[in-house]
Amino acid sequence: MDKSIKHLRSIDCCGYRADGAWAAEPTTLACLALATHGEHTAAERLAQQLADVQQSNGAVTANSESDSPAWTTSLAILAWLACEGYQGNIDRAVEWTLATHGKPAPRNPQIGHDPTILGWSWAAETHAWMEPTCMFVIALKAAGLGDHARTREGVRLVTDRLLPTGGSNFGSTLVLGQPTLPQVQSTGLAMLALAGETNSDPRVESSLRYLAENLIPTTTTASLSYGLLGLTAHNRRPPHAEALLAGAWEREVDRGQSAYKLALLALASVPNTSWLPSRTEIHA
Amino acid sequence: MNAQQENTNPNRRTFLAASGLAIAGFAGTKLIGNALLPKAEVFIARHQRYDGPLVQTIRDGLAACGLAPAHFTNKRVLLKPNLVEPTRLIPHMTTHPAVIIAAAEVFRTWGATVTVGEAPGHVRDTEMALVESGVSEALDDARLKFADLNYEEVAWRVNRGRLSPLKGIYFPRTVCEADFVVSIPKMKTHHWVGITCSMKNFYGTLPGIKYGWPKNVLHHNGIPETVVDINATLPRSLAIVDGIDCMEGDGPIMGSLKRMGLVLVGTNLPAVDATAARIMGIRPERVSYLALAADRLGPIAEARITQRGERWQDLVSPFQILDEPHLRGLRAEGGELVS
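Sequence order for the protein chains is A and B.
The first sequence runs contiguously to residue 573 in the numbering used here.
The second sequence runs contiguously to residue 340 in the numbering used here.
Hint data in this document are derived by calculation from the structure and do not stem from the laboratory.
C-beta atoms are modelled at their ideal positions from N, C-alpha and C, and glycine is treated no differently.
Nothing false has been slipped in among the hints.
Away from chain A, derived, C-beta distances all over 10 Å, residues of chain B:
1. 38
2. 50
3. 57
4. 135
5. 140
6. 145
7. 163
8. 258
9. 293
10. 307
11. 311
12. 315
13. 337
Estimated spans, in silico, between C-beta atoms of each pair:
14. B:168 <-> A:463: 32 to 40 Å
15. A:488 <-> B:311: 51 to 59 Å
16. B:50 <-> A:308: 37 to 45 Å
17. A:395 <-> B:75: 49 to 57 Å
18. A:488 <-> B:89: 28 to 36 Å
19. B:40 <-> A:341: 53 to 61 Å
So that you can see chain A by itself, here it is in the shape it has in the complex (with noise of 0.2 Å):
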């Protein structure tokens, strides 16, 4: 893992792909994973490239030349907690994300979810989907606004998504009554989200031995590594994650060494939550 954070720290413009545009998710991840693996310095120029394209409202888009969508406001909030001297920018940004909330429906039949409840969406205008809403309740909790209805109801949506027998996919839980396939990647995250919360739910406990079942040699980067993070939130970090992470790290090298890949495996690498900013909790 050494190896991967060399690499990041030599890396001036992060994208999905090695010669990849640059973009704010891959961005956040590198500059969490080289604040977290010690690496200050290279954090912080990440950190400014950030602010750098934070926009007057406090949002920050997925790529830098359109002025949309901007769910990558929750990751710059974790990558700026990361860093020293982004107070003002954590502000704006936090402002943002509590003005901006995805399109609610009434209850419908014909799906399995609430529509009702208020999340984050992935695009200006449409509904809260799962992985957005994720996303920001991380970064609520991080900026230590974890009490704060809006993070409340943010975990509630979590929940309410999750599928029946556990594991969660983009947000769908029955669809005409039918049930709709679990994704590791997407329960990962939803684990993360949901680390630290009083749940009795049957689902939490359903979705974490989905994915402990689901994390195998052929597990693809990006869910290997979300799946990691899930269970580890939850203490339940496999035995066998190192060999699974070697293994995924060499793909990668051989496929050209994608920053936002490497991040994912960087921070997947980190045996416990000391990846995960966190501030002092701010009673709204």
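Let chain A serve as the given structure and place chain B on it in line with the hints.
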């Protein structure tokens, strides 16, 4: 009635005669109009297998639709399979790798530069979609380049369909740079719109990085309208349909396997999808996006589709459709409604 009146007021016979002429004239005009409207060719091959001579089938299909190797020499061809939410447990959900590889071989041997690209609509981990569908291994073996359309740089294009409120559509770079975009869908039922085939498959040309997972921006702007808008705005398109192992019932994800053994090829996507619908026992004019596409992007009327290869009438095998109010009216004859 005097003579003068007789001369100036048309009697019933002359009125009927005049009306008849008018009606004949109107009908004639319509007939001439129909004759002038463009037709489309759709090729169908039966008894197809994934381990069979698919390269020859696709080559025959393209030739039957008027395409020659010279059309593709030095062109950039993007193959767009359907990998919406792959899992090894449901292989009939996604385009079979053999069809993708066979199509690639045809275009490569005709001098094109071929890329396979997809923006899976329900999964952020595109690598997972490739591995679970078996496409990753097949692409490696065939040394084919894959473009992850969800995360590429994007470019904005004016919405040429103008049916939805979207003024423009963002497409990934690989899509914008392609000379031909070839839809390689799986022939499936769809629990919201009835059928998903070559036109709906093009939802997967739009980048998740702009539209999300799912691409909910499109849903909020109308599924039928955005299907047509996307098809109207893309570069020149073709369709090669994997109708070998299909999905019926609760498609496009959770439906059951239905073996058909078909490959459909065409240069006009509404015509291809209308033909697929007829084979599936679905009335194309009742599929919302096909009705919108008709006469905008191409014909869906049987009389305006020239069949090549097999006759669709001989291949009809009604697909099960969910017994839901919004789907019941789609059925032609036969077929089963399932819950």
